[in-house]
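2 protein chains.
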Amino acid sequence: MLEPLFKYINDHQNQFVQRLKEWVAIKSDSGDHTKWGQVETMLNMTAELIQKMGGKVELADSGTHQLPSGETVSLPPVILGEFTKDPEKATLCIYGHVDVQPAMMEDGWTTDPFNLTEIRGNLYGRGATDNKGPVLAWLHAVESYQATNTEIPVNIKLIIEGLEEVGSYGLLKLVKEKKDSFFADVDFIVISDNVWATTSPALTYGTRGSSYFFVEVSGPKLDMHSGVYGGSIHEPMSDLIALLGSLLDHTGKIQVPGLSDDVTPLTEEEKKLYENIKFDLEEMKNAVGVKQFLQDTKEDVLMARWRYPSLSIHGIQGAFSEPGSKTIIPRKVTGKFSVRQVPNMDPQDVERKVKEHLEQVFSTQNSPNRLKVTATVSAKPWLANLGDSQYIAGQKAVKDVFGVEPELIREGSTIPIAQNLQEETGKSVMMLPIGAHDDGEHSQNEKISRYNYIAGTKLFAAYFYELSLIK
Amino acid sequence: MLEPLFKYINDHQNQFVQRLKEWVAIKSDSGDHTKWGQVETMLNMTAELIQKMGGKVELADSGTHQLPSGETVSLPPVILGEFTKDPEKATLCIYGHVDVQPAMMEDGWTTDPFNLTEIRGNLYGRGATDNKGPVLAWLHAVESYQATNTEIPVNIKLIIEGLEEVGSYGLLKLVKEKKDSFFADVDFIVISDNVWATTSPALTYGTRGSSYFFVEVSGPKLDMHSGVYGGSIHEPMSDLIALLGSLLDHTGKIQVPGLSDDVTPLTEEEKKLYENIKFDLEEMKNAVGVKQFLQDTKEDVLMARWRYPSLSIHGIQGAFSEPGSKTIIPRKVTGKFSVRQVPNMDPQDVERKVKEHLEQVFSTQNSPNRLKVTATVSAKPWLANLGDSQYIAGQKAVKDVFGVEPELIREGSTIPIAQNLQEETGKSVMMLPIGAHDDGEHSQNEKISRYNYIAGTKLFAAYFYELSLIK
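The listed protein sequences derive, respectively, from chains A and X.
The working numbering numbers the first residue of the first sequence as 40 and each following residue consecutively.
The working numbering numbers the first residue of the second sequence as 40 and each following residue consecutively.
No more than 20 Å apart at the CA atoms, straight line, and that leaves these computed lysine to aspartate or glutamate pairs for EDC-like:
1. A:Lys330 - X:Glu255
2. A:Lys128 - A:Asp427
3. A:Lys311 - A:Glu446
4. A:Lys260 - X:Glu322
5. X:Lys46 - X:Asp439
6. A:Lys260 - X:Glu321
7. X:Lys330 - A:Glu398
8. X:Lys260 - A:Glu322
9. X:Lys260 - A:Asp151
10. A:Lys260 - X:Asp477
11. A:Lys74 - X:Glu145
12. A:Lys260 - X:Asp146
13. A:Lys218 - A:Asp100
Hint data in this document are derived by calculation from the structure and do not stem from the laboratory.
One chain only, chain A, in its complex shape (with noise of 0.2 Å):
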């Protein structure tokens, strides 16, 4: 039954890269908005080759989003796509996003992040693996079976988003609005938009969730020289360090008051699953470069990144950051930093205690200058049921195309719409990567491999066949 679609998918592999050469030339970073443009097009795009294919698009409208600065911006509409619908079928629909990470060369990246670039058998481009190559993969899969005139075992259905990198503004609530219309018939969801965590295939179910703070101090009027001023001004960049430098210890560990307190704790059947994947850390640390990680057991390394929070100090909006030399003040810093919550935090939480907690170290700091704390993308963290049939499919699907069982991981980074999706649906959500562990999304010299790319695909046709004979 498979052996033809994956023959037609070996067979038209160049064309399959071609396609995604095409797609990474877009450069739909949706990390500045006035930039959007280039996600519409993206989106365009995706919904004239699912027409082209056969499949009915709605370009929906996601409604409007407000931004830290106060200003309402119009979000770029989310394809809802169907191909033909066959009552007698189960219906599952494939979540995914054509928006990426910002890149430049001057990043760091050895070959230009718009224009893929195949060496030694990687394809280098932003996008590659998160997420338009996986993307690319789902509809190289149906496109499998209507070429080769093999009927598609399951209902397709697909929403595909041009925010995800931001937080998928205007998504939950067109999600809610769909409940029951859309979402209505559909059985599965599945998302491919996260990476193996070894070299084994893997299925995913749970990911943490994630709150970005910006912490805003502002004080002068203007831009001050620091010959002039310095030693007589209580500078805004020094009360941000601070109050950044007081959200960590040495050793990784959160100092805001009572933030883990609601983390799940570890149970005997919980910690065998991390003693079965092979994870080599001496491998990771050099994929990685790095010494030591803040673990010294795989255990516990693959906890850190998987069940327990984190907190991470991104950068600084308005204080000098390009190179060379400047001698200013500031007038005013907005320091960026983000929380990755575990089962069971609640983001509203975090975000009080947090706020409680800037708010406590600035008064002991004396300052006349002003601080504001906002925080934006408050995702849930999620966690399926690994008994639901779909992840039964998934595994066989596995064994079918990469001829071994896959490791059953979490995912450290947060895709919303995992939990979004199971919340407000109420169906069973999996998630299914194809990237390798080491494609660096949102790093610089982000790729997919071939191999990973077209196996991926065979994979996601032998998903379909799987899961219809579950149902």
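Please build the complex by placing chain X on the supplied structure of chain A, with the hints as guidance.
Frame of chain A, contents of chain X only:
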């Protein structure tokens, strides 16, 4: 004697403003070495004007400079200018610079920083007061003598550079080379590259020194995704925040051990100088837009700015600094701060103590990351002798133009050339500012008032005259 000069200057003020507009239009920002072409354009324009006025110009080679990156770059030339020489007259050498600080509308300018714009008597534009306006005022003072057929009573030499804002690379070496040629017959050196301390005209007899520090912390090979790796990695950014946080306490006191040991003790005589200055603390709070300074009295604020050291944190390179949100763990971040030194601190000693302190703090972090501390632009503090004859001439010239005695002030910011010229040439150096205290050098909306620009031109014309009477 001075009346025809003053009348000429008054009558030609619109031309003088127009010429400043042409100079401000050249984006001679020296902060980024890849843009030094504009600095050279500005130097050529200056040289042409001097030549048109009958001056001789040498575009002196100032050698090369090694950037923090290790790259070696050729430096723009330095203008050595000279008007007709009469061995019977005293020779005055004027120092100025025609490069500027960076400026962008996005930083919060009300008008285009490179289009000089007059609003209610103020001329807004980058370089208006620092230092294009004063350099032109010197040349226009010469022009007023020439145009009124008045013999200039002193010989005029000029040294004009294009790298002051990044630390006058190459200038010290050039001054050493020219000590026995260009500087041999110079009697006095005058610099107008600072501003009054209050609303009263001033002579400046001291400046603070400066050392600029780059604190680089590097870890992983690439930027990492904070979802995937957050909680397991020693993040370079949290190491850096801890390092920067160790530099100051919340009262602005420098926490580097021993840094202030060599500060000259305050004498009763010096204390009186501060009491005499008509500095209004409340007015300054309003101008700067702060509710309080770190000190409570006028004298303490002035001393904090002029005769005590300070440390300001300017920013971080390599972290996320754009608007919006990005969930990145930066692989390499460079914190930037500077220390203003005062007599009798030694820059070499400051550098050593800061490095030792940072290394000590970093060692307590137990981090596998790499720390690299480099320092540039080590300028020594400068203090002149108030009894020098050009200070007497300066006081008389201020009285000629403004009808009041000047305040005798120091300057918190660094003009390394004052110290360098005094030390290398052994000549008397004076600073004769024409900008007002609220001109906003290095800030958004930098300006010089039309009044100060024109009165400053008269002051310089009067100074030539008074100086000739004393010698």
